[in-house]
Amino acid sequence: MKRIYLSLIGLFLIATVVVTIVYNHNRPRVLVLHSYDNSYPWTRDVSVGVRRVLDDHPHLAVRWFFMDTKRHPAKAFKEQSGLAARKSIDRWRPDVLIAIDDDAQQYVASHYVGHPQLKVVFAGVNGGVEPYGYAGADNVSGILERKALRALKETLLELGTKSGRSGPWRLVHIGDTSGSVDHDEHHMEDFDWAPLQRLPSQRPATLAEWQAAVLAAQEQADFIVTTNYRRIARKKGSKELVPPEEIVAWTVANSRIPVVGTNGFFVEDGGELAIGTSPYEQGEVAARMALRLLDGASTQALPHQSSRQFVVHMRSARLRARGIELPPLYESFAQATNSDLP
Amino acid sequence: MSIVEETSAAGEWVTRLLADPLLAQAAYADLARLVSYLEERQLLPGEALYQAGDTADNLYLLMDGDLLLTPPGESPRQVTHRRAGEEAATECATYLASVTSPGGARLLVVPRAPLNNLLVARPLLRDSLWQSLTRTLAGGELAGEVDGRVASDASQSPKASPAPAPVAVSDLKKVIGWLCTLVAPAVVLIMAPHWQLAPHAGHFLAIFAATVTMWIFNLVDEYIPGVFAMVATLAMGLVPIPVMLSGLASDGFLLAMSVLGLATVIVASGLSCRLILLILLKLPNTPFWHNTSLLLVGFLLTPMVPSINGRVALLVPFYRDMLEILRLKPKSLAANGLAITTFTAAGLLSAVFLSSKSVNFVVFGLLSDQAQDQFQWLEWLIAAAGTGFALVATFGLLAAWMFRGLPQVELSKPKVAAQLSLLGRLKTREWAAVFGVVIFMLGVASSSLHAIKPAWLGLAVLYALLLFGSLSKKEFREKVDWPFLLYLAGIVGLTAALNHLGLTQQLAAQLPELGAIMQHNFPLFIALLAGLIFLIRLAVPISATIVVLVTVLMPIADSHGVNPWIVGFIVLVLGEMWFFPYQCSYYLQFQKLTGHARLYEESGFLRFNWIMNGLKLLAIYVSIPWWKALGLL
Chain A
966 MKRIYLSLIG LFLIATVVVT IVYNHNRPRV LVLHSYDNSY PWTRDVSVGV RRVLDDHPHL
1026 AVRWFFMDTK RHPAKAFKEQ SGLAARKSID RWRPDVLIAI DDDAQQYVAS HYVGHPQLKV
1086 VFAGVNGGVE PYGYAGADNV SGILERKALR ALKETLLELG TKSGRSGPWR LVHIGDTSGS
1146 VDHDEHHMED FDWAPLQRLP SQRPATLAEW QAAVLAAQEQ ADFIVTTNYR RIARKKGSKE
1206 LVPPEEIVAW TVANSRIPVV GTNGFFVEDG GELAIGTSPY EQGEVAARMA LRLLDGASTQ
1266 ALPHQSSRQF VVHMRSARLR ARGIELPPLY ESFAQATNSD LP
Chain B
100 MSIVEETSAA GEWVTRLLAD PLLAQAAYAD LARLVSYLEE RQLLPGEALY QAGDTADNLY
160 LLMDGDLLLT PPGESPRQVT HRRAGEEAAT ECATYLASVT SPGGARLLVV PRAPLNNLLV
220 ARPLLRDSLW QSLTRTLAGG ELAGEVDGRV ASDASQSPKA SPAPAPVAVS DLKKVIGWLC
280 TLVAPAVVLI MAPHWQLAPH AGHFLAIFAA TVTMWIFNLV DEYIPGVFAM VATLAMGLVP
340 IPVMLSGLAS DGFLLAMSVL GLATVIVASG LSCRLILLIL LKLPNTPFWH NTSLLLVGFL
400 LTPMVPSING RVALLVPFYR DMLEILRLKP KSLAANGLAI TTFTAAGLLS AVFLSSKSVN
460 FVVFGLLSDQ AQDQFQWLEW LIAAAGTGFA LVATFGLLAA WMFRGLPQVE LSKPKVAAQL
520 SLLGRLKTRE WAAVFGVVIF MLGVASSSLH AIKPAWLGLA VLYALLLFGS LSKKEFREKV
580 DWPFLLYLAG IVGLTAALNH LGLTQQLAAQ LPELGAIMQH NFPLFIALLA GLIFLIRLAV
640 PISATIVVLV TVLMPIADSH GVNPWIVGFI VLVLGEMWFF PYQCSYYLQF QKLTGHARLY
700 EESGFLRFNW IMNGLKLLAI YVSIPWWKAL GLL
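Residue numbers (the numbering used here), protein chains in the order written: chain A, 966 to 1307; chain B, 100 to 732.
Treat the hints as calculated values from the structure; they're not laboratory data. Just so it is clear, CB atoms sit at the ideal spot from N, CA and C, and this is done for glycine as well. Errors might be hidden in some of the hints.
[Said to hold, decoys possible] Below, simulated EDC-like cross-link-like pairs (lysine to aspartate or glutamate); rule was C-alpha separation at most 16 angstroms, straight line:
#1 A:LYS1118 / A:ASP1157
#2 B:LYS512 / B:GLU423
#3 B:LYS526 / B:ASP129
#4 A:LYS1052 / B:ASP472
#5 A:LYS1200 / A:GLU1174
#6 A:LYS1118 / A:GLU1150
#7 B:LYS727 / A:GLU1044
#8 B:LYS428 / B:GLU701
#9 A:LYS1201 / A:GLU1174
#10 B:LYS727 / B:GLU478
#11 A:LYS1204 / B:GLU612
#12 A:LYS1052 / B:GLU478
[Stated by the list, open to error] Computed from the model, here is a short list of chain B residues facing chain A with C-beta under 7 angstroms:
#13 GLN469
#14 HIS549
#15 ALA550
#16 ALA563
#17 LEU566
#18 GLY660
#19 GLY730
[Claimed, not checked] FRET-style restraints, in silico, Cβ to Cβ:
#20 B:THR385 / A:ALA980: 47 to 53 angstroms
#21 B:MET335 / A:MET966: 53 to 59 angstroms
#22 B:LYS430 / A:PHE977: 54 to 60 angstroms
#23 A:GLY1079 / B:MET335: 53 to 59 angstroms
#24 B:ALA147 / A:MET966: 53 to 59 angstroms
#25 B:LYS430 / A:ALA980: 58 to 64 angstroms
#26 B:ASP468 / A:ILE974: 33 to 39 angstroms
#27 B:ARG706 / A:TRP1215: 55 to 61 angstroms
#28 A:ARG1115 / B:PRO611: 40 to 46 angstroms
#29 B:LYS430 / A:GLU1044: 53 to 59 angstroms
#30 A:ALA980 / B:LEU637: 54 to 60 angstroms
Same shape as in the complex, but just chain B (with noise of 0.2 angstroms):
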């Protein structure tokens, strides 16, 4: 297909995605995400669709021709709406009536899975698309109430089918978890008066072993520890209120609701969609620039959506556009590296930008006050520039080498176009979300004129993305994850209590060997946290790693002189490493976004991801010198 006649069939396709009724009451920036899994397809005169009993994988739109729609036992008749395959947008696992196209047809394909992307969020949408179905098939019996196809159906599902055998994997493990969860505070309470806390004390580390266990066996939501935590604590009065609720008030909560809200906006109104299609038309059509283009998006995005599981939802349709219209062969060699590229966009940088993932603001709000001023947005993204320059380029010359001599294919910018098309002109709330970007990071980088904190800037763009309705009060409800800001209210007061009560600095007398390590040789101390990481994260998630290890080494590292923050960043980088999939929640939700891993070979995944992981403490020590050039060090 020649340039123009791709032009004019993508045009075509948001022309007819907009005729139709229902899809048509979609937002454009969602409709703009599934033109990239649309496609077309041709039948003969004569030629079934479906038949009833089919998986029921596609919605289809009539573009030319016509169709003939026969549920069981009926005689045939014309589809309505010029639409066929409603079952795909329902809980429907199978067609219910057949369609055949007795002069032939030329249709354009939905497929389900991006459709019920789309569907999640409207609800009202779904429910149309259920009666526009039963308004089709009314007047005949539905297949399934036949034979009862439907109810089989439904329960063969993946979603609801059952997995016996990882759930007893999970029970056990949650056994052991909870087991572990009675004995530790148990055993602390025991052994307090054996290391010489006093009764408060005990008491309060008993609860905060109870929490880090409820953190590493993952046995209930990560905030809920927290909860308890601070309940617990406050009942029994063993620090001052103001200190247990001190993250409430702290920096690092105002700027982590403040950030989330303006992604919220910027995810929402369609900037971040519009930003992507935006790249991806104006770079040059060459293999390279296919990979660095999704790599710069996906480094766009990191600073202005605060998780690697929200950016890899965001870049996921566009691997898959990319493979579609470059026409890639699964698993070939072209294919494995965008599938590289475009999941190393979402996370390499994630701890280089304050912003860009939640548990950063962990480490921020662990800070001193007087570190937190020397580390604020712009500050963080200097101090970690280091690292960010050497991930970077290692990752740059790794890829070059594992993917050279990939064959010259070419990105179809017309359907690019017509998606971006598709968008429109900036709408309001996009000009909103633009606005609140400028002026927060305007902000930042004059902070030292008007003497407002990042955290109070962020409040001021919050408080008018509110006022002027850009962010709506259901969305400010929904949308910004309040649970994790329960999280990190729940850490940065037990780090507060943990210091009042002078427990860390009975830590660091009691791993004087460590902080002499730290002060000492800092290169040996990366070498033993390397380690200590790579087994902590075989059987631990990445943010209770993350977590235990910077609640514990950061007030080491400042009662030995090292810079807390060096030390939370380094636990930043190497808590990101994964060798299996298991290890990584970000990782197993791109497989499942890229149809587990049918699209690369995931065997050279690992292996780039396993070298990979050896490039980051590389980089690590690379950001040595610079860290030493800063006087951080």
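In isolation and in its complexed conformation, chain A is listed as follows (with noise of 0.2 angstroms):
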């Protein structure tokens, strides 16, 4: 009686085990590979959207992985970092590969461009994917960020409307020294800016570069507008970068005309007004693309997209003590989306 009660047992134990081998076995697997850490907004807010559409869908096992590379941007560090995001990859093998941003397309994606079991997706990609080798690749599709240009120029128009001062109204971009920077520069220059002029853009390397491109913009331009600043070096040579806050804070408080940010961190790093991609909408579509591809559709089923929304983050209550307005339907845009600071 024993033996057959063990036996039983046994038998119990086996079933589960395989039960849930062959149930963890053919769980579609999704790796959603970041670029950058949590920390950072961009990042972050990227990983909502995903959540988002992921979390309705718990038969899928999610892995994360974060390369850390905008804390860490030397090139040493990236491909260390690729490496280990390839080997996480190699040994737990995902059906789909959501890559974020450009690093994490240069130095893991596109090693598996034309892999037979693996589909990429890509987002936040700032330039052309001719450089990971994805035009034509039949693994390969995604989302590209681009910078939303048409509402940023809406916005200055409105600002300089409501400024009281007389046109052509002049701005200038400043921006870090980054490879990202490097594309939104590119999509600037490509965009028909009138009746705005738009003066050749800054790029910064140290602090001190920073202050000056500032300051000299106070006597050239009407706007800052701003897309990245987190590669600015402490001191030339130095390999301390200066944390954004910081620089945000130095820039509002020693700048007469407005400065508009291009990503939403720019106002949580202290800024008064962004007009953003949306960070959502690149996780929220990048995700659909995977689980869509998960169902069997082939990825020339899905061409690239292009981001289409954008979002409004501000300090609407600092940017009134300026002496700064906008028509209130931005404000309620920003309210509604959590993202009035104070």
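Quick one: dock chain against chain with the hints and give me the complex.
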């Protein structure tokens, strides 16, 4: 009797183990690979978008990998982090890789172009996909990140009109020397800004150069547009990066003309107004594409997309205090999305 | 004695043990451990075995001949159950009657210390031996009752004897510790606004300061400060409940719980004992192999028994056994060599396997999710292998140099074989332990195929052990180190709360030089860390040193782009450094189990240990190319 009893327990145990293994083995796997770390607001908000979609599909096995290259921009670190991510992919063998922002494409996802089992969905790509070999690749699709330049232009025109100054109004773009800002600058060069005038971009590498660019803009331009400033060195030759909050605080305090960011995090860092690409859209679209691919859709059926949505982040009280006015629609939009900060 | 004679003698001892109606009730694994300590004694006709009032050092089992027992003031009578000296199994420090042999006798001697080790887990057996003693003495007054010796003897036993000087020092330390526990959080609360901390962050930091101070001064059991931190933080609502209690749901917690459960079955089933005996039996019979076999046994136990103290307790009987069987003179070069080998075997690779030391799980728990995926059991071993090889190689070279030219002596294989025969065939529980280990190892190695994390595999193995009754509810409750698991959960929760409040980033920002050194001159960082650990370890216990340092340094490493596992691993290796006996709890245990260093030359032992500390540091430096090759550095 004891033997029968033990056999039944053993059978039950084996059945449990087999079912668990089979279920896990057949569970579709998605690896979400971020170029940066989760404390970076852009990355955090893209993750929110991804989760909005994937959380409704608990049968998926989802893992996350953060390359953390924003805080550590050295090439050696990026290569090391890319290697670790590739090892993780090779070990876990996901069905779909959602790769977000350019470093994830360059150091990881591009190694899997043409991979027979792995499908790649990219997001947050500022430039073209050609450098990564994605053009024509049969296992890659995704969403390009394009700055919301049309919305930005409308906002600047509103600010110009409300300021009472006569046009034509001039804008200057100030951004760091990172690759993603290179791409942003190209798009800004290609964009039709009329009736605004765009002055040549300023790309400082150090804090002193940044400060000089901001001060020079006071005399030459009516608006400063800033894309990113996370790769500004404390001094020339130094590897120490200046905290973004410090740069933004100095900029806002020393600029008489409005400074507008092209990413929502500009306001989180202490800025007063940003018309940014929607990180939520990037995450949501990429996650939906991943689901389609897992359902058997081919990448040909999922053409590359570009960002369409934008978000407004602002500190309306501070803007008013500085005498900068915008139509109430902006404030309502920001408040509705919890993006109107004190 | 020839090998044939030894075989026969050891077999006879086993038979005699099993013939005793009381001792035969003990588990075979426990009896096998006891065999290591047994010896024979011959009494001539008319010779006294002991007198009433002599120190009760041994229990005696009569093999041949006869014994007469004479309680004080009574006439002699035959001993019952062919057993004498049951006082050694009780709290009596001295014998209560005299025993002589009118016609001569051959006796099996069971020393008090190992007998009590056996009885600790079997209180009923101890009671039976008490009753047997009482029955033997029945009909006459007990010696202790006549002159009150029992009470006074009991009070003179080492357990009950007071030790005023150390207690005074300890009390002073505790007073200072509690003062610091009061002052440290108060200072933090006062300074928090100056450090630009939000009120909730300041309060949490104050709780953290009190917790760390309690750990540093060793004021209470190590898990209690963690519980305090959890309770205080949650009661004030400083961080969300899921953050503070995240340790309870972490992979590290589940993995630790599973491994501790599996380890309980491995030890309690006697599998570990069997493995040790098998290795001793199979390896060649030379001094080199005697040392190597002890080393191998220790290394084999390292991933399976997640406590250095546990491994020391398992290995010391075999060390003592070897000394006795090899007839090695105490404090001789060979005895010193074996002592060092035994101690090293228990602890040398404790950082190399994830499951070999409880505090390793703390480091694992502090890693991010993706890093935990990167350093599962097997990956941890691979990453640590460079250091492991360097440690073993340097130990081997040092030992070969210091203990060259040992005389040729042989281990009594028949005695080992007799111990093994006592264990008989593999028992069901041992099979369960074997299956548990094999399934866990295979599961870990093939995790990329089935996508089940080792923590869940461990939990499945634990579940199976519970389901089949291989691990009883009582053992699960009593043998699994629940206080440690609470401690682990508390530390993981504390670190999660530090991260949640942004305090680790602030701390990293306050230590830019340290981060920069870590990032740009890692060898210098290792040297500084070694110096820091050396200083801290002068006053702080091993676990507290490791926990405090990894809690601070791993987030700094992360924010400066240095692999936090490497920093945690280095702290684990260097945190084990000790120079003076008081710094190392498992050395104190080793001392105690080996008769307070009566068996080996302690100065030589300590000298060897000092050199090994330097070699540990060297092993870390030697591992740097390995970590670079793996892409970790």
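Against the structure, the hints:
1. A:LYS1118 / A:ASP1157: 9 angstroms, holds
2. B:LYS512 / B:GLU423: 13 angstroms, holds
3. B:LYS526 / B:ASP129: 14 angstroms, holds
4. A:LYS1052 / B:ASP472: 11 angstroms, holds
5. A:LYS1200 / A:GLU1174: Judged against 16 angstroms, a Cα distance of about 9 angstroms means the pair holds.
6. A:LYS1118 / A:GLU1150: Roughly 15 angstroms between the alpha carbons, so the hint for LYS1118 (chain A) and GLU1150 (chain A) holds.
7. B:LYS727 / A:GLU1044: OK: LYS727 (chain B) and GLU1044 (chain A) at ~12 angstroms, within 16 angstroms.
8. B:LYS428 / B:GLU701: Holds - the C-alpha atoms of GLU701 (chain B) and LYS428 (chain B) are around 14 angstroms apart, at most 16 angstroms.
9. A:LYS1201 / A:GLU1174: Distance of about 9 angstroms is within 16 angstroms: holds.
10. B:LYS727 / B:GLU478: 15 angstroms, holds
11. A:LYS1204 / B:GLU612: Satisfied, since the Cα-Cα distance of roughly 12 angstroms is no more than 16 angstroms.
12. A:LYS1052 / B:GLU478: OK: LYS1052 (chain A) and GLU478 (chain B) at ~11 angstroms, within 16 angstroms.
13. GLN469: Cβ of GLN469 (chain B) sits 5 angstroms from chain A, so the hint holds.
14. HIS549: At about 5 angstroms, which falls below the 7 angstroms cut-off, the nearest Cβ of chain A leaves the hint on HIS549 (chain B) intact, so it holds.
15. ALA550: 5 angstroms, holds
16. ALA563: 5 angstroms, holds
17. LEU566: 6 angstroms, holds
18. GLY660: 4 angstroms, holds
19. GLY730: Holds, about 4 angstroms.
20. B:THR385 / A:ALA980: 47 to 53 angstroms: Holds, since THR385 (chain B) and ALA980 (chain A) (Cβ atoms, about 51 angstroms apart) stay within the stated range.
21. B:MET335 / A:MET966: 53 to 59 angstroms: Since the Cβ atoms of MET335 (chain B) and MET966 (chain A) sit about 57 angstroms apart, the hinted range of 53 to 59 angstroms holds.
22. B:LYS430 / A:PHE977: 54 to 60 angstroms: 58 angstroms, holds
23. A:GLY1079 / B:MET335: 53 to 59 angstroms: 56 angstroms, holds
24. B:ALA147 / A:MET966: 53 to 59 angstroms: 56 angstroms, holds
25. B:LYS430 / A:ALA980: 58 to 64 angstroms: Check passed, 60 angstroms falls within 58 to 64 angstroms.
26. B:ASP468 / A:ILE974: 33 to 39 angstroms: For ASP468 (chain B) and ILE974 (chain A) the Cβ distance comes to about 34 angstroms; the hint holds.
27. B:ARG706 / A:TRP1215: 55 to 61 angstroms: 60 angstroms, holds
28. A:ARG1115 / B:PRO611: 40 to 46 angstroms: 42 angstroms, holds
29. B:LYS430 / A:GLU1044: 53 to 59 angstroms: Check passed, 56 angstroms falls within 53 to 59 angstroms.
30. A:ALA980 / B:LEU637: 54 to 60 angstroms: 56 angstroms, holds
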